[in-house]
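K.L.:
So the protein lines, in turn, are chains S and P. Each step along the first sequence adds one to the number in numbering that gives the first Met the number 0, with nothing skipped, and position 245 is 244. Each step along the second sequence adds one to the number in numbering that gives the first Met the number 0, with nothing skipped, and position 17 is 16.
No lab work stands behind these hints, which were simulated from the structure alone. Since we're looking at a predicted model, the values are computed, not measured. One or more hints might be untrue.
[What the hints assert, rightly or not] Straight-line alpha carbon distances no greater than 27 Å define the calculated DSS-like cross-link-like pairs of lysine-lysine that follow:
1) S:26 - S:125
2) S:26 - S:111
3) S:125 - S:100
4) S:5 - P:40
5) P:40 - S:125
[Claimed, not checked] Calculated from the model, a selection of chain S residues having no Cβ within reach of chain P, i.e. all distances over 10 Å:
6) 190
7) 222
8) 248
In this text, a Cβ means the ideal position worked out from N, Cα and C, and glycines have one as well.
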Amino acid sequence: MTALLKDEPLVLGDVRLSSRLLVGTGKYASFEETEQALEISGTELVTVAIRRVNLDASAGPSLLDHVDRERYHILPNTAGCYDVESAVRTAKLARDLLGTKLVKLEVLGDPKTLLPDPIGTLEASKQLVDDGFDVLVYCSDDPRMAVRLEELGVTSVMPAGSPIGSGQGVLNPNAIRIILELVRVPVILDAGVGTASDVALAMELGAAGVLLNSGIAGAREPLRMAAAMRDACTAGRNAYLAGRIPRRLYANASSPEEGLIEEAGPGPTERG
Amino acid sequence: MPVNVRITINGETSEVPAGSVADLVEHLGLRPEQVAVEVNKDLIVRDARERTTLAEGDRVELVTLVGGG
Numbered sequence: 000m001t002a003l004l005k006d007e008p009l010v011l012g013d014v015r016l017s018s019r020l021l022v023g024t025g026k027y028a029s030f031e032e033t034e035q036a037l038e039i040s041g042t043e044l045v046t047v048a049i050r051r052v053n054l055d056a057s058a059g060p061s062l063l064d065h066v067d068r069e070r071y072h073i074l075p076n077t078a079g080c081y082d083v084e085s086a087v088r089t090a091k092l093a094r095d096l097l098g099t100k101l102v103k104l105e106v107l108g109d110p111k112t113l114l115p116d117p118i119g120t121l122e123a124s125k126q127l128v129d130d131g132f133d134v135l136v137y138c139s140d141d142p143r144m145a146v147r148l149e150e151l152g153v154t155s156v157m158p159a160g161s162p163i164g165s166g167q168g169v170l171n172p173n174a175i176r177i178i179l180e181l182v183r184v185p186v187i188l189d190a191g192v193g194t195a196s197d198v199a200l201a202m203e204l205g206a207a208g209v210l211l212n213s214g215i216a217g218a219r220e221p222l223r224m225a226a227a228m229r230d231a232c233t234a235g236r237n238a239y240l241a242g243r244i245p246r247r248l249y250a251n252a253s254s255p256e257e258g259l260i261e262e263a264g265p266g267p268t269e270r271g
Numbered sequence: 000m001p002v003n004v005r006i007t008i009n010g011e012t013s014e015v016p017a018g019s020v021a022d023l024v025e026h027l028g029l030r031p032e033q034v035a036v037e038v039n040k041d042l043i044v045r046d047a048r049e050r051t052t053l054a055e056g057d058r059v060e061l062v063t064l065v066g067g068g
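Build the full structure now, drawing on both the sequences and the hints.
P.N.:
Dropping the structure here:
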């Protein structure tokens with residue numbers, strides 16, 4: 000029966016995804032745990048960071064040995080970049096390394112909040128779009144910022160639900176709803192996810208996907224949380240597509256109010 | 000032509016055999032497909048590594064993938 004419940008793929012540039020969960024590869028205890036968590040999560044697009052080669056341990060195993068590129072698309076990020084130039088340089092290094100046009104752009108403001116710097120984010124987005132990248136932009140949940148980014152030609156806007164790694168979930172669902180009304184490109188909730196209900200909420204609002212990392216990697220049992228996040232993403236997506244009932248102040252009986260036996264039902268004082 | 004050149008690799012000064020970027024990657028024992036290279040802030044694309052010669056004082060960045068969100 001569930002085969003009847005068709006859904007559109009999530010299209011990001013040249014990439015088509017049936018899973019709407021995007022999963023990061025940071026902070027796991029081992030490459031083996033990373034590999035298992037990715038598999039259980041059902042993700043098809045995994046994020047990675049770009050860093051200097053450790054020349055003292057250059058012959059050791061690489062993350063690339065544990066991410067099957069037949070199975071996963073790779074989304075390199077510019078995490079750790081606090082200015083336009085280094086973010087753009089990092090994106091270009093990533094493109095050469097991976098042969099992908101996709102990039103998750105982060106231009107950060109400060110290391111305490113890890114909130115995006117809006118001006119730098121706009122400028123770097125423009126440069127990367129002009130250079131042919133498919134830019135997925137980490138941004139704040141400011142609806143006008145999302146519109147400006149869309150106008151520059153980015154592939155996806157990715158507002159933070161709350162600060163990166165904070166586990167606070169979606170702090171301003173109304174801002175996400177407004178962004179979803181104002182832009183046409185896929186809106187992916189990125190950052191702040193603490194548990195499965197955060198994923199479900201974002202998807203129920205109509206987000207095209209959710210990107211998370213710490214919520215799985217930092218859980219007491221990462222593999223079980225990977226399963227929870229997978230299920231929440233599907234549940235929230237189906238709830239969104241199904242269309243929830245409106246919220247009402249008063250009850251609305253689901254059993255017939257007619258045909259009750261004698262003396263059942265509300266008496267004169269109980270009738271509203 | 001000097002036998003060695005003094006360059007900076009990932010912020011550390013180092014003396015390496017003179018040659019191309021591709022030679023440097025090999026000299027350091029890195030897997031070529033798992034690194035990307037900048038020289039003096041310019042990306043040296045994969046196809047250009049053989050023909051790009053390192054000069055005294057060059058600043059080289061060698062990067063790879065690590066786990067991240």
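K.L.:
With reference to the structure, classify each hint as holding or not holding.
P.N.:
These are the hints, each one checked on the structure:
1. Of the supplied pair hints, the one linking residue 26 of chain S and residue 125 of chain S is violated, its CA atoms being roughly 31 Å apart against a limit of 27 Å.
2. Between the alpha carbons of residue 26 of chain S and residue 111 of chain S the distance comes to roughly 18 Å, so the proposed pair stays at or under 27 Å and holds.
3. The suggested pairing of residue 125 of chain S with residue 100 of chain S holds, with an alpha-carbon distance near 15 Å, which does not exceed 27 Å.
4. The suggested pairing of residue 5 of chain S with residue 40 of chain P is violated, with an alpha-carbon distance near 47 Å, which exceeds 27 Å.
5. With a C-alpha separation of about 20 Å, the suggested pairing of residue 40 of chain P with residue 125 of chain S holds against the 27 Å cut-off.
6. Non-interface status of residue 190 of chain S relative to chain P is broken: a Cβ of that chain comes within 10 Å, the nearest being about 8 Å off.
7. At roughly 16 Å, the least C-beta separation between residue 222 of chain S and chain P is larger than 10 Å, which holds for a residue marked as non-interface.
8. The non-interface label for residue 248 of chain S is consistent with chain P: the shortest C-beta to C-beta separation is roughly 41 Å, beyond 10 Å.
Hint violations for this structure: numbers 1, 4 and 6, all remaining hints satisfied.
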